[in-house]
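K.L.:
Letter by letter, the chains look like this.
2 protein chains.
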Amino acid sequence: MQDVPLTVTRILAHGSTVHANAHVTTWTGEGAPRRRSFAEVGARATRLAHALRALGVREGDPVGTLMWNNADHVEAYLTVPSMGAVLHTLNLRLPPEQLAWIVRHAADRVVIVNGSLLPLLAPLLPHLDCVEHVVVSGPGDLSALEGCRPQVHAYDELIAGSPAESYDWPELDERQAAALCYTSGTTGDPKGVVYSHRSIYLHAMEVNAAASFGLKPGETCLPVVPMFHVNAWGLPHAAFMAGTSLLMPDRFLQPAPLAEMIESERPTVTAGVPTIWQGLLAELDAKPRDVSSLRTVVSGGSACPPSLMKAFEERHGLTLVQAWGMTETSPLGTVAHPPPGLGAEEAWPYRITQGRMPVSVEARLIGPGGETLPWDGRSAGELEVRGPWIAGAYHGGADGEPQRPEDKFSEDGWLRTGDVGTITADGFLTLTDRAKDVIKSGGEWISSVELENHLMAHPQVAEAAVVAVPDEKWGERPLAAVVLKDGSSVGYEGLRAFLSERIARWQLPERWALVPAVPKTSVGKFDKKVLRRQYADGELVVTTLG
Amino acid sequence: MQDVPLTVTRILAHGSTVHANAHVTTWTGEGAPRRRSFAEVGARATRLAHALRALGVREGDPVGTLMWNNADHVEAYLTVPSMGAVLHTLNLRLPPEQLAWIVRHAADRVVIVNGSLLPLLAPLLPHLDCVEHVVVSGPGDLSALEGCRPQVHAYDELIAGSPAESYDWPELDERQAAALCYTSGTTGDPKGVVYSHRSIYLHAMEVNAAASFGLKPGETCLPVVPMFHVNAWGLPHAAFMAGTSLLMPDRFLQPAPLAEMIESERPTVTAGVPTIWQGLLAELDAKPRDVSSLRTVVSGGSACPPSLMKAFEERHGLTLVQAWGMTETSPLGTVAHPPPGLGAEEAWPYRITQGRMPVSVEARLIGPGGETLPWDGRSAGELEVRGPWIAGAYHGGADGEPQRPEDKFSEDGWLRTGDVGTITADGFLTLTDRAKDVIKSGGEWISSVELENHLMAHPQVAEAAVVAVPDEKWGERPLAAVVLKDGSSVGYEGLRAFLSERIARWQLPERWALVPAVPKTSVGKFDKKVLRRQYADGELVVTTLG
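Sequence lines, in order, name chains A and B. When you line the first sequence up against the numbering used here, it's residues 1 to 546, in that order. When you line the second sequence up against the numbering used here, it's residues 547 to 1092, in that order.
For the record, the hints were derived by calculation from the structure and aren't laboratory data. Don't take every hint at face value.
So the derived label-pair ranges between C-beta atoms look like this [to be verified]:
| no. | chain 1 | residue 1 | chain 2 | residue 2 | range |
| --- | --- | --- | --- | --- | --- |
| 1 | B | 709 | A | 443 | 47 to 55 Å |
| 2 | A | 310 | B | 600 | 50 to 58 Å |
| 3 | A | 265 | B | 832 | 22 to 30 Å |
| 4 | B | 856 | A | 295 | 54 to 62 Å |
| 5 | A | 149 | B | 915 | 51 to 59 Å |
| 6 | A | 21 | B | 856 | 40 to 48 Å |
| 7 | A | 37 | B | 832 | 33 to 41 Å |
Some chain A residues near chain B, calculated using beta-carbon distances under 10 Å [stated by the list, open to error]:
| no. | residue |
| --- | --- |
| 8 | 4 |
| 9 | 101 |
| 10 | 202 |
| 11 | 211 |
| 12 | 358 |
| 13 | 386 |
Predicted, not measured: the structure shown is a model, and the values here were computed from it. Glycine included, C-beta positions come from ideal geometry on N, C-alpha and C.
Using the sequences provided together with the hints, build the complete structure.
P.N.:
Below is the structure:
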C-alpha cells in the first residue's frame, strides 16, 4: 500500500475541493451571519500560510489562538498544522496569570486573537517575551495594544496582502505535532497535551462513524463546545472531512442567541457541555423555538443529569447523547448510543452510561490491588485507556522532555484516567467515582458517589458528601458528612438503616458527621479535599457507630 | 500521542469483547442458519491461531482460503493477519490453471478450503508443491484427498483440539502485510495486491463512516460480494469494528435463497455486483418478499444500469447506492450518495455518477498530454488516485521484489486506474471509458462508450462498438462497428447525421463498418481487441465518409 501520511493538510485539501460548496457560517449577533464556502476557506488558508511564513513561523513553531468559535479560527485550525507548525488553542476562561504561564510554557511566537478578547490579552503582553506577533481577527479596540512590544497585524489585511498562489505545503510525518492544548488541572501546573496529525485524522474519522456522531455531506454541525476545549471535540476537522457545513456561534453562547441560531440556521448536530443544555432548556421552556432540525445533541465534559435528557426529549423532542472523554483522549472515549430496536424505557439504562469505546480506544479496569478486572458490570476499577489518539505523555515545554508522571501513565504506557467505573460484558462503561475520591477498604473499592446518591435520596437529607478517612484495620473507610433539611429528625442510625437496604453491609459507613453545608469548589463541585482536611484536623464532630 | 498500531488484531479484540453479543449467521440452505456470537468467533480465533502455529505458520507466511462467505471464513479473515501471517483469499471462479499459478506465486503453505470446493482443489494439489497442509471446513467428500501429499485436517477438529487459553498475539507493525488478493487481469499474469494492517483498518473505518455505508451496532450486514473479492469490500472488518452482525450467504448466491434470507434474517445493509441485483430483481418481481429491512443496497464492481436502480426503487422500495473501486483500491474509491435535501428527480444525476472520494482517497485527472485537468465536469482524463489504502506496487511473489509497472503507477507513485472520466467542481466522479478504449484524436480524447451509447439509442441499431484505429493526421480516429436490427434501412450517412445532433463535430466517426455481431468476451463484454485486430487485418469492410 502507498505510504501516504494522515495529515491535517489532507483534510484541508479534501474539504476545500471535494466539498467546495459546504460553508462555515459565523453568527454575528445582529443582521445576516457571515458565510464562507469551504473553497474560500481553502483559498484563505493558502494566503494565511504565506502570511505566517512571512512572519517567521517555521515547522514546529507554536502559534497561539485566543479566539471564539468562528470562521477565522477554523482557518487557523487547518492552516497552522498544515504548515507543519503547531496550533496552540488558548483557554480564554483561565485566570490571566495561568494563561500567561501557558503561553510562556508553550513559547508561542505568534498569537491570533479576536478583537473582542484584546482586553484579556493586552495586559499580559508585557509578561510574554516569546510572543513576536499579534494578529487581530475581527473588530476590536486596537488602542489597547499601543506601544506593546510584539508587532500587531489585522487578520483580514494580512490575508488580503498575501500571495494567492498555491502554498508549498510541506510533506509531513503523521506523528509530528499538529496541535497543543493545556488541561486546567485543579492541582499543580497546567499540563500540555500534544495532538499529532495522525491522532487528529483518526479521531475525526471516528467522529464521522455512523456509530459515533455520523457527520455527513449536506448536514450542518453547530459546535457550541469552545474551540479551545480539546479541539472542539474534533468537530471542525470532522466537518471538513465529511463535507458537513459548520455553524459557528462566535461569542454568542448565551441561551437566547443559541436558540435563535438553531431556529434560523437549522443545524442537524450540535455538541456542548451539560451547563449549556441546561440553559438552552430553560430558554426553550420559556420561549419555544423550532429546533426540529437537530437530530443529535451531544453532551460531554461532565455527566449529563438524566432529568435534563428526559426534559429535552419530552418537552422539545430532542435526543441528548452522552459522550465521555478528556483532554488527554482527544477527547472521544465513549459514546452512549443504546442498542437499536429498544423501546424508550429499555434504552434508558444504556443512555445514562458513558457508552461504548470505539475500536481505537482500548480500555481496561484496574482494581485496588493492581489487577485487571473482568467486564461484568459490577467490578469497579480505575479506567485505563490506550489508543492512537490517547496521550502518552505531556508537553515538556519549549526546552523540556515530554513528561510521564506515574499517577497519569501506567508502566506499560496506558493513560490512567483517574476515573473509577464498571464495564458490562458488552462494553458499556459506567463511571462511578474519581479514583482520588473512591474509598479503598480492605482490597475492595467503595464508591463515594454511590453512597452520596443513596443518602441524598433520603427525604430528610439535603446534601451528603462521603470521603475516605484512614482506618487501621481496613486502610480506608468512608466518612459520611450530611446536611439535614430544616426540621428533620433522622439520626445516624436511621440513615445507616436506610443505606443498609440499598448497599452491601461492608460498605456501610461507621463514621458520621453533621455539617451545615458541604464545602464546594469555585464551579460548585463538592470539595472533598477540604472535608478530608477538616477530618484530619479534628474540625468535624464525628460520631462512630459500633 | 501513544504509538499504537492500527491492526486487524485490534479489530478482532474489539469486536469479540465490546460487541461480544453481535453474531455471524451462516445460511445453510435448509433448516436453521448457524449462529456464532462475536465472542465465540474470538474464542475460536484463539484456538485457530494455536492450531495454525502448530502447523508451522509463522509471521509473514501466506495462508490461502478457498471458501464461500461463512463464519469459518470470517475466523480465518481475522485470525491469520492477527498472527502476523498473510490471508490469501483464492478466487474460486478462476480457471484451475490460473488458480494453481496464483497459489504457487504466493507460495501458500496452508490452504483452508470448504468441503464443497474439494472437487476444485483436489486435482490441483499435485501441482502445488508449496502447500503443506489442507484444512477442510464444513462437510465434503474427503475421499477426493486420499493419497494427496499435503496433510489433511478437519477445521472443526483442529479448533476443538487446540488450546483455549489466550494466544500470545504478536506486536505488529501496522505497515506489514495482512492480506493478499490477486486481480484476474485480462492480459498477462494475475497481479497480487498486498493489503497492510493499516490499510485494512483505515478502509474499514471509512466503510463505517456515515457518508459511506455507515455500519452501526445492532444492524446486520449481508455481504453478497464474495470474500475472495477484495476482502469482501472490507465489510467483515468493518462489521467487527462497528459491532454489526454479519449474515453470510455461504454458497447460496442464487436469487431465490438470497430473497429468502433477506426476508427471514432482515439485514439492513447489503453489497454486491449489479448482476446479483439484476437476478434478485427478477426473483422479487416474480415472487415478492418482504425486503423492507434493507436501508442500503450497495452496488459495485461494474457500473449499475440506471434502469435497475429505478426498478428496485419503484417496484420494491429499495435504494441502490453505486460505489466504485478496484482490487488495487481496497476497494472503496467513491460512493454515490446524492447531496441531501434533493427530490428524487434532482438526486438522479448524482446517483448515476461513481460518486465522491472520501478524505483518504486523493484523485487527479491526467489529460492526453500528461497535464493535470481541472474539475469542471467536462475535462476528461485518466483517473489517478493516491492514499493509504491504494496499492503502490504488486506482490513480487515468494522471492521477488514488488513490481511497479509503468502503465499502472505514475512516476510520483499514484495508481493509474485505467479509467477515464470527469470530476465536477464539488467532487463527483463520472467514469466514461477505459483508458485503453478511449480514442486519442489530435490531443483530445473521444469516449468510445459515449459514441456507443448514442448509436445504440438509434431505433434501428441493435448494437454498436467504437474502437480507435490509427490515423495519419490525428493519431487515432474512431471506427464505428454497427449491428443493425432486422429490416432496418438506415445508412452510414443517416447514422452520422443522428450522431451529429448529439456530439461535437470533431468527434464524429469517418470510418464505419457493418458487422453481424459485436465480438464479446467470455463474460459478455464487448471485446474491442478483436475488433481492432479485424480492422488491422483488413477483415472488416470499412466505408470512409468524406
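K.L.:
All the hints need checking, so say for each whether the structure fits it.
P.N.:
Evaluated hints:
Judged by the Cβ atoms, the range 47 to 55 Å given for residue 709(B) and residue 443(A) is violated: they are separated by roughly 31 Å. Range check, residue 310(A) to residue 600(B): about 56 Å between beta-carbon atoms, so the 50 to 58 Å window is met. For residue 265(A) paired with residue 832(B), a C-beta distance near 49 Å fails the hint of 22 to 30 Å. For residue 856(B) and residue 295(A), the Cβ-Cβ distance of about 29 Å falls outside the hinted range of 54 to 62 Å, so the restraint is violated.
At roughly 54 Å, the beta-carbon separation of residue 149(A) and residue 915(B) lies within the given 51 to 59 Å, and the hint holds. Separated by about 27 Å at the C-beta atoms, residue 21(A) and residue 856(B) break the suggested range of 40 to 48 Å. At roughly 49 Å, the beta-carbon separation of residue 37(A) and residue 832(B) lies outside the given 33 to 41 Å, and the hint is violated. A least Cβ separation of about 5 Å between residue 4(A) and chain B falls short of the 10 Å threshold, and the interface hint therefore holds.
This hint is violated: residue 101(A) has a C-beta 24 Å from the nearest C-beta of chain B, more than the 10 Å allowed. A hinted interface residue such as residue 202(A) counts as satisfied when its beta carbon comes closer than 10 Å to some beta carbon of chain B; here the least separation is about 8 Å, so the hint holds. Interface restraint check: residue 211(A) against chain B, minimum CB-CB distance 5 Å, threshold 10 Å, status holds. For residue 358(A), the interface hint holds, since its Cβ comes within 10 Å of a Cβ in chain B; the closest pair sits about 8 Å apart.
Interface hint status for residue 386(A): upheld, as the beta-carbon distance to the closest one in chain B is roughly 6 Å, under 10 Å.
Comparing the model with each numbered hint stated earlier shows that hints 1, 3, 4, 6, 7 and 9 do not hold.
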